[in-house]
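As you go down the protein sequences, you meet chains A and B in turn.
In this text, residue positions in the first sequence follow the working numbering: the first is 1, and each later residue adds one.
In this text, residue positions in the second sequence follow the working numbering: the first is 1, and each later residue adds one.
Heads up, some of the hints might be wrong.
[As the list claims (entries may be wrong)] Heads up, simulated DSSO-like pairs for lysine-lysine below, C-alpha to C-alpha not over 30 Å straight-line:
#: 1; chain 1: A; residue 1: 218; chain 2: A; residue 2: 185
#: 2; chain 1: A; residue 1: 108; chain 2: B; residue 2: 236
#: 3; chain 1: A; residue 1: 66; chain 2: A; residue 2: 154
#: 4; chain 1: A; residue 1: 5; chain 2: A; residue 2: 70
#: 5; chain 1: B; residue 1: 275; chain 2: A; residue 2: 131
#: 6; chain 1: A; residue 1: 102; chain 2: B; residue 2: 190
#: 7; chain 1: B; residue 1: 190; chain 2: B; residue 2: 275
#: 8; chain 1: A; residue 1: 168; chain 2: A; residue 2: 70
#: 9; chain 1: A; residue 1: 102; chain 2: B; residue 2: 275
#: 10; chain 1: A; residue 1: 108; chain 2: A; residue 2: 154
#: 11; chain 1: A; residue 1: 70; chain 2: A; residue 2: 131
#: 12; chain 1: B; residue 1: 187; chain 2: A; residue 2: 102
#: 13; chain 1: A; residue 1: 185; chain 2: A; residue 2: 66
#: 14; chain 1: A; residue 1: 66; chain 2: A; residue 2: 5
#: 15; chain 1: B; residue 1: 190; chain 2: A; residue 2: 154
#: 16; chain 1: A; residue 1: 66; chain 2: A; residue 2: 102
#: 17; chain 1: A; residue 1: 154; chain 2: A; residue 2: 185
#: 18; chain 1: A; residue 1: 218; chain 2: A; residue 2: 5
#: 19; chain 1: A; residue 1: 70; chain 2: B; residue 2: 275
#: 20; chain 1: A; residue 1: 185; chain 2: A; residue 2: 5
#: 21; chain 1: A; residue 1: 131; chain 2: A; residue 2: 108
#: 22; chain 1: A; residue 1: 178; chain 2: A; residue 2: 131
#: 23; chain 1: A; residue 1: 131; chain 2: B; residue 2: 190
#: 24; chain 1: A; residue 1: 168; chain 2: A; residue 2: 185
#: 25; chain 1: A; residue 1: 108; chain 2: A; residue 2: 168
#: 26; chain 1: B; residue 1: 275; chain 2: A; residue 2: 66
#: 27; chain 1: A; residue 1: 168; chain 2: A; residue 2: 102
#: 28; chain 1: B; residue 1: 236; chain 2: A; residue 2: 131
#: 29; chain 1: A; residue 1: 154; chain 2: A; residue 2: 178
#: 30; chain 1: B; residue 1: 187; chain 2: B; residue 2: 275
#: 31; chain 1: B; residue 1: 190; chain 2: A; residue 2: 70
#: 32; chain 1: A; residue 1: 154; chain 2: B; residue 2: 187
#: 33; chain 1: B; residue 1: 187; chain 2: A; residue 2: 70
#: 34; chain 1: A; residue 1: 218; chain 2: A; residue 2: 66
[To be verified] In silico negatives: residues of chain B with every beta carbon more than 12 Å from chain A:
#: 35; residue: 22
#: 36; residue: 27
#: 37; residue: 63
Source of the hints: derived by calculation from the structure; they are not laboratory data.
Using N, Cα and C, we set each Cβ at its ideal position, and we do this for glycine too.
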Amino acid sequence: MASIKISSVRKVYPGNVEAISDLNLDISDGELVVLVGPSGCGKSTLLRMIAGLESITAGEVRIGDKVVNKLEPAERDIAMVFQNYALYPHMSVRQNLEYGLKNRRTPKAEIEQRVNEAARILEITRFLDRKPRQLSGGQRQRVAMGRAIVRQPKAFLFDEPLSNLDAKLRGQMRIEIKRLQRSLKTTSVYVTHDQLEAMTLADRLVVMNAGRIEQVGKPVDLFERPASLFVAGFIGSPPMNIFELATLRQLPGTTLPASIPAKADLVGIRPEALRLEEPAEPFIALEGTVELIEPVGGESHVYVNLNGIETLATVVVQGRLAEGEGSHIKLFMPASALHSFVSETGQRVE
Amino acid sequence: MVENRPWLDALTHLVLVVGVLIVAFPVYVAFIASTHEPSAFVRGVMPLLPGDNMVETYSRMLGEGLELAGTPPVWLMLTNSFWMAMIIAVGKIIISLLSAFAIVYFRFPLRTLAFWTIFITLMLPVEVRIMPTFAVVADLGLLNSYAGLTLPLIASATATFLFRQFFMTVPEELMEAARVDGAGPMKFFKDILVPVSITNIAALFVIMFIYGWIQYLWPLLVTTQEQFYTIVMGIKRLMAQTDREPDWNLVMATVILAMLPPVLVVLSMQRLFVKGLVETEK
Ligand SMILES: Nc1ncnc2c1ncn2[C@@H]1O[C@H](COP(=O)(O)OP(=O)(O)OP(=O)(O)O)[C@@H](O)[C@H]1O
Ligand SMILES: [Mg+2]
Chain A
1 MASIKISSVR KVYPGNVEAI SDLNLDISDG ELVVLVGPSG CGKSTLLRMI
51 AGLESITAGE VRIGDKVVNK LEPAERDIAM VFQNYALYPH MSVRQNLEYG
101 LKNRRTPKAE IEQRVNEAAR ILEITRFLDR KPRQLSGGQR QRVAMGRAIV
151 RQPKAFLFDE PLSNLDAKLR GQMRIEIKRL QRSLKTTSVY VTHDQLEAMT
201 LADRLVVMNA GRIEQVGKPV DLFERPASLF VAGFIGSPPM NIFELATLRQ
251 LPGTTLPASI PAKADLVGIR PEALRLEEPA EPFIALEGTV ELIEPVGGES
301 HVYVNLNGIE TLATVVVQGR LAEGEGSHIK LFMPASALHS FVSETGQRVE
Chain B
1 MVENRPWLDA LTHLVLVVGV LIVAFPVYVA FIASTHEPSA FVRGVMPLLP
51 GDNMVETYSR MLGEGLELAG TPPVWLMLTN SFWMAMIIAV GKIIISLLSA
101 FAIVYFRFPL RTLAFWTIFI TLMLPVEVRI MPTFAVVADL GLLNSYAGLT
151 LPLIASATAT FLFRQFFMTV PEELMEAARV DGAGPMKFFK DILVPVSITN
201 IAALFVIMFI YGWIQYLWPL LVTTQEQFYT IVMGIKRLMA QTDREPDWNL
251 VMATVILAML PPVLVVLSMQ RLFVKGLVET EK
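Let's have the full structure, built from the sequences with the hints guiding it.
Written out as structure tokens, the structure is:
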């Protein structure tokens, strides 16, 4: 078990592609850090540099208190779980789990004991003698996890480990990974595309964009106080509604709440925070017609075509909306739920 | 595709049966001819049922050969051919596995050049470079030896190319997982890459074994002593007799015997082929 310290790390791929530029990140011992960001922002690259599968162009990666820049993956004492599992197809599940331990000349009795223990935790004891191709996707995923935990490494690195599973199984495995990580207390870095996975798994969430870190923090903090327009748009589903203050000002009979900073020229509001009834605090009122209603289980996503505003607004309504599509509704933006941004820098202002 | 239409079944069977007959009939005739007296084959009317000369013909060919034609016993030639084909097949597979491994998994200077150099030798089979190759082998004193028979035929662009193509379809994560698991390059090669290539290796082994088995020109050049003659040379020598009709029964017996080892190789590898067809997943 160890902390991971990433200092001023850069990665330039051949052909002068800069995938990571000057990135700093401290991951403390036992923490589960989730990396999210749009496709191609460098999440896998960062993870693979920690793993030692990709060379580090500049900067320093430390695992524990050792600089690992020049070490082979095996010498870094990390374990990695791949998206396609990368199980050795010709070996039985047991051999898959044993392989890394055998290579490190772990005593036979200890290998046996660790493999059995991992198999028990992951409930794959029944499959130990099967080949990977005789397993379902979810079972293979468990074996891949097993291969990581038998090694008892300093850190787990996950690159979208659940994205090949169907939604239901993904939910189950997500909970199991969280439980497993809690009980083993192994430092983990987890890359994902999935909002829900990111929000629920992370002790800390790292939002990346174009090779840089946009914001780091507790998932709730990122959700409640996104530091930039990018994070505001990326975290939360459906994404935050963003309006230009200039447009809002021109709406008939609107006075902007005094709480909006003078520098701001954009305000955002979460679809969940839009009200259908007038709130007690200062607010901005909007009117429009219901364009589309998507019933999503216990709640409904309502898309509203606002008068005087180009973009559709998204509203999340608990239960069902009384009005049907095409009907006229009023929306209220409570001042306390507004996020203010400066469009030029994309940063939040208070 | 699974269809259930009786007349279609019948038709496909008919086509297959006709195909098998066309291929198998000459072999059958060869076998029949090998069981009759020498004259039976050239009499004009060919017998279609086995004669009574079989034991005599086969034991004679296997045991003594035909002094008159300068042919050593068939079992000796079979052994020579077997070792020649075996060394060529195994040698080719080892060399091309290693070179494909180097080309696909290592970044070294002039890697592409190395690959294309190997590739270009595809255009230069032994027949094309026979004089220089012979000169080299002769200068090395390898005439009349297994080394001389096999070495020039071992270096193989075809197999290297096929293994390269296959290795490139093996997911890169497999190599990465092995690296994380502490396997060095040769350990990865031995523990993972070769086992996952096993069906390809089996297929190439069969092809290369047969390639080695049917070599004629090269053994003819490098062997002058009877003890190194190969079976294909032997057949040719049996047929090329001066002033008399070849003993067709002897020729055909030798042909039938020559067919057996490749057939056995194919049969023994069949299980792996079928496995390779069924398990497409890596
Ligand atoms: N081997 C490579 N050579 C050159 N450029 C590469 C290489 N691998 C990745 N890149 C580039 O580096 C950038 C980051 O890639 P990376 O795979 O880290 O993205 P990612 O965030 O993991 O994306 P995704 O979510 O789609 O997996 C991309 O622009 C990609 O095109
Ligand atoms: Mg990726």
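Going through the hints against the structure:
1. A/218 / A/185: 18 Å, holds
2. A/108 / B/236: Answer violated: residue 108 of chain A to residue 236 of chain B is near 60 Å, above 30 Å.
3. A/66 / A/154: 12 Å, holds
4. A/5 / A/70: Answer holds: residue 5 of chain A to residue 70 of chain A is near 15 Å, not above 30 Å.
5. B/275 / A/131: 14 Å, holds
6. A/102 / B/190: Since the Cα atoms of residue 102 of chain A and residue 190 of chain B sit roughly 15 Å apart, the hinted pair holds (cutoff 30 Å).
7. B/190 / B/275: 21 Å, holds
8. A/168 / A/70: 41 Å, violated
9. A/102 / B/275: Given pair residue 102 of chain A, residue 275 of chain B holds - Cα atoms ~28 Å apart, limit 30 Å.
10. A/108 / A/154: Roughly 22 Å between the alpha carbons, so the hint for residue 108 of chain A and residue 154 of chain A holds.
11. A/70 / A/131: Violated, because 35 Å separates the two Cα atoms, which is more than 30 Å.
12. B/187 / A/102: Status holds; Cα separation ~12 Å.
13. A/185 / A/66: 20 Å, holds
14. A/66 / A/5: With Cα atoms ~10 Å apart, residue 66 of chain A and residue 5 of chain A stay inside 30 Å; holds.
15. B/190 / A/154: 28 Å, holds
16. A/66 / A/102: Given pair residue 66 of chain A, residue 102 of chain A holds - Cα atoms ~24 Å apart, limit 30 Å.
17. A/154 / A/185: This hinted pair holds, its Cα atoms lying about 10 Å apart.
18. A/218 / A/5: Holds. Residue 218 of chain A to residue 5 of chain A sits at ~18 Å (cutoff 30 Å).
19. A/70 / B/275: 42 Å, violated
20. A/185 / A/5: It holds: about 17 Å lies between the C-alpha atoms, which stays within 30 Å.
21. A/131 / A/108: With Cα atoms ~21 Å apart, residue 131 of chain A and residue 108 of chain A stay inside 30 Å; holds.
22. A/178 / A/131: Between residue 178 of chain A and residue 131 of chain A the Cα gap is close to 27 Å, so the pair holds against 30 Å.
23. A/131 / B/190: 19 Å, holds
24. A/168 / A/185: It holds: about 26 Å lies between the C-alpha atoms, which stays within 30 Å.
25. A/108 / A/168: Not OK: residue 108 of chain A and residue 168 of chain A at ~38 Å, beyond 30 Å, violated.
26. B/275 / A/66: 47 Å, violated
27. A/168 / A/102: 35 Å, violated
28. B/236 / A/131: Violated - the C-alpha atoms of residue 131 of chain A and residue 236 of chain B are around 50 Å apart, more than 30 Å.
29. A/154 / A/178: Since the Cα atoms of residue 154 of chain A and residue 178 of chain A sit roughly 17 Å apart, the hinted pair holds (cutoff 30 Å).
30. B/187 / B/275: Roughly 25 Å between the alpha carbons, so the hint for residue 187 of chain B and residue 275 of chain B holds.
31. B/190 / A/70: Roughly 25 Å between the alpha carbons, so the hint for residue 190 of chain B and residue 70 of chain A holds.
32. A/154 / B/187: 24 Å, holds
33. B/187 / A/70: 21 Å, holds
34. A/218 / A/66: 27 Å, holds
35. 22: The assertion about residue 22 of chain B holds, with a minimum of 39 Å to chain A.
36. 27: 38 Å, holds
37. 63: The assertion about residue 63 of chain B holds, with a minimum of 45 Å to chain A.
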